[in-house]
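*Asks:* Chains as they are written, first to last, in our numbering: chain C, 782 to 966; chain R, 3 to 650.
Simulated from the structure, these hints should not be mistaken for lab results.
All C-beta atoms in this analysis are idealised placements derived from N, C-alpha and C, irrespective of residue type, glycine included.
Warning: the hint list may mix true and false statements.
Straight-line distance between alpha carbons at most 30 Å, and here's what the computed DSBU-like set of lysine-lysine pairs gives [claimed, not checked]:
| id | chain 1 | residue 1 | chain 2 | residue 2 |
| --- | --- | --- | --- | --- |
| 1 | C | Lys843 | C | Lys784 |
| 2 | R | Lys271 | R | Lys418 |
| 3 | R | Lys426 | R | Lys31 |
| 4 | R | Lys472 | R | Lys425 |
| 5 | R | Lys207 | C | Lys784 |
| 6 | R | Lys526 | C | Lys784 |
| 7 | R | Lys526 | R | Lys567 |
| 8 | R | Lys269 | R | Lys426 |
| 9 | R | Lys269 | C | Lys784 |
| 10 | C | Lys784 | R | Lys271 |
| 11 | R | Lys31 | C | Lys909 |
| 12 | R | Lys207 | R | Lys160 |
Just a sample of chain R residues kept apart from chain C, beta carbon distances all over 12 Å, derived [as the list claims (entries may be wrong)]:
| id | residue |
| --- | --- |
| 13 | Val24 |
| 14 | Met115 |
| 15 | Glu203 |
| 16 | Val283 |
| 17 | Leu373 |
| 18 | Ala478 |
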Amino acid sequence: MIKTWHFVLVIIIAGVLSLFYKGLWGDPRAIPTVLIGTQAPIVSGPEVRTGEMISTGRFQGKVILINFWASWCLECRTEHENLLALNRRFGSNPDFVMLGINYQDREEDARQYLQVNGSNFDHVRDLKGMISIDYGVYGVPETFVIDQKGVIRYKYVGPLVGQAYSYLTESVLQPLLERRPFPSS
Amino acid sequence: MFIEIGHFAVILALVLSVVGIVSPVLGLKTNRPDWVRIGRQAVTLNFFLVSIGMAAMIYSFLTNDYSVRYVAATSNSKLPIFYKVAGLWGGHEGSLLLWVWILTAYSTLVVWMHWRTQPVTMPYLVSVQSLIMFGFLAMIVFLSNPFERIFPVPLDGKDLNPLLQDPAMVVHPPMLYLGYVGFSIPFAFAMAALFSGRLGEEWIKVTQRWTLFAWMALTTGILMGGYWAYYELGWGGYWGWDPVENASFMPWLVGTAFLHSVMVQEKRKMFKVWNLFLIIVTFSLSLIGTFLVRSGVLSSVHSFATDPGRGLYILVFLSVMLALGFGTLIVRSGKLKSQIELDSIISKESAFLFNNLFFLVAAATVFLVTLYPLLIETLKTAKVSVGPPYYNAVFMPVALGLLLMMGIGPSIAWRKASTDNLKKNFLLPTLIAVIATVAAWLIGIRTVFGMAGALTVSFVASTIFIDFAKISALWARRHEINYLLAFYQAFTNNQRRYAGIVTHIGVLVMVVGIIASTVYQVEKVVPMRIGDTMQLKEYTIRMVGLHEVSGANWTAQEGLFEVYKGEELLTVLRPQKRLYPVSQTPTTEAALYTIHLGHVFLTMPEVGSDSVTVRGLINPLILLVWIGGGIMALGVILNIFRPRMKTP
């Protein structure tokens with residue numbers, strides 16, 4: 782006597798197990814994104830501190846680094862100093878621009894975070910979470926690099942510390958800014 | 003030499019576990035009671051053999067035997083003795099050994115206690131427990147061997163992960179395992195019931211205390227982990243929805259649903275298949291938790307070693323257990339028919355149904371979101387966003403629903419609650435809840451979270467208070483004794499019920515702590531130099547010094563901060579930025595000052611040459627989270643060790 786719930790149960794269990802099986806062979810940090818190699822969605826919204834509207838539309842032809850963060854995110858704190866250092870190093874290059882996207886946060890919390898930790902680049906508020914959805918962000922911190930043609934070239938999940946930071950600066954940003962061929966990730 | 007004896011003992015235990023699987027079933031089929039007995043002895047013997055393995059490992063830790071690879075990896079000669087023993091579960095291989103040891107101890111105890119009273123189901127139980135033992139012992143022997151030697155022998159060990167060098171961390175893993183593994187007992191009883199066809203209420207009555215104990219251990223383990231995260235990781239929070247935290251929370255949620263729904267089967271012979279289903283899910287989630295933690299499929303703060311080979315093994319074992327559990331349930335559940343339908347939607351039965359529904363929705367939510375990164379990786383359609391705010395948004399309504407059920411469930415009548423019954427039990431609590439919510443609004447609690455909390459907590463608290471008051475009054479009148487004695491007698495007379503209520507009180511206390519420390523937390527991160535002050539609500543924090551200190555196996559920069567309330571000096575806090583030179587790991591040691599059940603919490607995330615970054619938090623009433631946990635545990639202890647029910 783086979784009932785519907787038997788089928789449902791078996792399908793769910795088989796699904797979960799095959800998911801686990803697939804998961805075994807991947808690095809949880811290096812989640813491939815369908816977005817790599819595609820045109821980056823335009824990001825626009827009010828700046829966290831000034832409220833002034835910002836749109837990546839006017840950065841066309843530049844290398845854009847987009848970093849998703851939140852004040853409640855603990856790993857974001859660990860990469861914060863590196864982000865500041867990154868902008869100190871590349872910020873003077875007219876071909877480079879860096880943008881923070883504040884993700885699922887309260888406005889006052891985000892503002893306080895920036896005030897306390899300092900920041901030398903602009904941050905856009907993701908008002909309805911649409912930017913994060915466009916970029917397929919599932920957690921913070923997450924970082925994207927967009928090239929001069931507006932194509933997403935690199936994505937990293939997790940804080941930019943240690944090797945992740947040096948890989949980003951030496952093997953991604955430096956070659957892109959010098960228009961050298963860049964190993965696609 | 004001793005380590006080889008331990009190794010050999012564990013290999014022998016692996017062989018014996020095969021005997022434990024086969025001989026009881028074979029004995030039953032061929033009607034050979036002596037074979038059944040052999041199975042029983044195999045289980046008991048396994049406990050001694052794995053104990054020898056444990057003793058050999060602990061001995062190697064205490065004698066600094068770095069020729070054992072595992073000891074060299076998780077210990078160090080300078081490590082305090084306390085942590086040397088804990089080093090055993092400071093890594094993957096040793097944790098598995100502890101897991102199996104707890105399993106053998108449980109099995110031996112169960113067999114010893116129930117062999118005579120449960121002659122029909124016990125042989126099957128021995129088989130099922132031996133199968134689980136086999137799964138883990140095989141992994142220890144073939145894939146994760148803690149007894150392995152290395153050559154050349156290192157001069158000193160690599161040290162235990164400094165984050166784990168903490169008293170809470172010494173007890174946290176064993177507690178968690180006592181919980182995880184403890185659920186194997188009701189699981190094995192359920193399987194035995196399915197195999198033997200004894201599908202009545204017996205297995206539920208026998209396992210009731212075992213389940214409670216496992217639940218208590220898991221609860222305590224989770225809360226200890228939370229406390230550790232709170233001050234050792236310097237989060238300032240105790241729960242971050244980390245995949246590994248979720249892995250322990252999921253079996254807890256379903257296990258709690260199980261604890262409640264078995265009562266319906268006992269009283270009304272309903273939910274039979276459902277209860278079997280719940281306990282299989284609970285134990286499967288325990289195994290899935292082990293899989294998630296040990297295979298590295300998800301990224302987590304718990305950063306354990308990742309190894310697809312081991313992961314694959316656990317996955318195969320998990321599949322076998324799932325196929326066995328759910329397969330048997332599907333094949334055998336045809337025999338089961340719940341004869342009774344719900345009489346009314348307004349009844350205790352349906353309150354339990356809602357309780358279960360909420361717990362399962364909660365568990366399913368956590369499950370889906372935890373596995374979400376895996377899912378998008380597979381489907382490659384990354385289009386949604388998740389994070390702690392998402393969890394909180396989804397979880398809060400479910401938690402509030404559960405809280406309300408906690409008020410309604412214990413007092414509502416079985417079968418069909420009359421209007422009279424509802425009025426008698428819930429009119430006053432509803433009034434009190436409304437008044438409390440208005441009062442909360444008036445004193446300035448204006449967040450949705452805070453007000454919903456005030457409403458539900460006051461509702462549940464007043465139902466409990468009224469329940470206690472009524473029963474005391476009844477006993478006082480009937481026996482002409484004073485109220486206090488009457489309360490004591492009434493409580494001990496139906497201790498199972500009232501111990502459960504004590505656990506509910508613990509939950510309420512915890513909820514108050516969670517709400518207060520979440521909604522009214524104040525946080526500041528400020529760069530400071532000596533002489534600078536920081537204002538945290540009514541407290542003034544003044545930095546007065548920064549100097550070096552050192553411990554047995556670490557050195558640290560220690561800040562000195564005076565904490566003032568107005569002009570009055572309350573205390574001097576000493577947060578540290580430690581460095582463990584052996585593993586070159588820095589840690590952030592928080593400093594706490596307890597006041598009115600809350601904390602002034604200071605950490606120094608960064609220490610520069612002349613200035614430090616100070617993170618200061620006020621966490622009001624946060625201690626209630628763990629006090630509530632203690633009360634919950636007390637309730638369970640009162641429940642396990644309850645006297646027999648007397649007639650009044």
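*Asks:* All hints are to be evaluated individually against the structure, with a verdict given for each.
*Replies:* Against the structure, the hints:
For the hint pairing Lys843/C with Lys784/C, the CA-to-CA distance comes to about 60 Å; that exceeds 30 Å, so the pair is violated. Distance hint between Lys271/R and Lys418/R is fulfilled; the C-alpha atoms sit about 16 Å from each other, no more than 30 Å. Distance check on the hinted pair: Lys426/R and Lys31/R sit about 57 Å apart at the alpha-carbon level, beyond 30 Å; violated. Only pairs whose Cα atoms come within 30 Å are accepted, and Lys472/R paired with Lys425/R is accepted, the gap being roughly 15 Å.
For the suggested pair Lys207/R and Lys784/C, the alpha carbons sit about 29 Å apart, so the restraint of at most 30 Å is met. For a cut-off of 30 Å, the pair hint linking Lys526/R to Lys784/C is broken: about 58 Å separates their Cα positions. In summary, the hint linking Lys526/R to Lys567/R is supported, as the alpha carbons are separated by about 17 Å, within the 30 Å threshold. The suggested pairing of Lys269/R with Lys426/R holds, with an alpha-carbon distance near 23 Å, which does not exceed 30 Å.
Between Lys269/R and Lys784/C the CA atoms are separated by roughly 27 Å; this keeps the pair inside 30 Å, and the hint holds. Distance hint between Lys784/C and Lys271/R is fulfilled; the C-alpha atoms sit about 22 Å from each other, no more than 30 Å. The straight-line distance between the Cα atoms of Lys31/R and Lys909/C is roughly 65 Å, outside the 30 Å bound, and the hint therefore fails. Taken as a hint, the Lys207/R and Lys160/R pair is broken in the structure, with Cα atoms around 49 Å apart against an allowance of 30 Å.
Every CB of chain C lies more than 12 Å from the CB of Val24/R, the least distance being 26 Å, so the non-interface label holds. Look at Met115/R: its CB is around 33 Å from the nearest CB on chain C, clear of 12 Å, so calling it non-interface holds up. With a least CB separation of 23 Å from chain C, Glu203/R remains clear of the 12 Å interface cut-off, as annotated. With a least CB separation of 10 Å from chain C, Val283/R falls inside the 12 Å interface cut-off, contrary to its annotation.
With a cut of 12 Å on Cβ distances, Leu373/R falls inside the contact zone with chain C, its closest approach being about 6 Å. Look at Ala478/R: its CB is around 50 Å from the nearest CB on chain C, clear of 12 Å, so calling it non-interface holds up.
Consistency with the previously given hints fails for numbers 1, 3, 6, 11, 12, 16, 17, ordered from lowest to highest.
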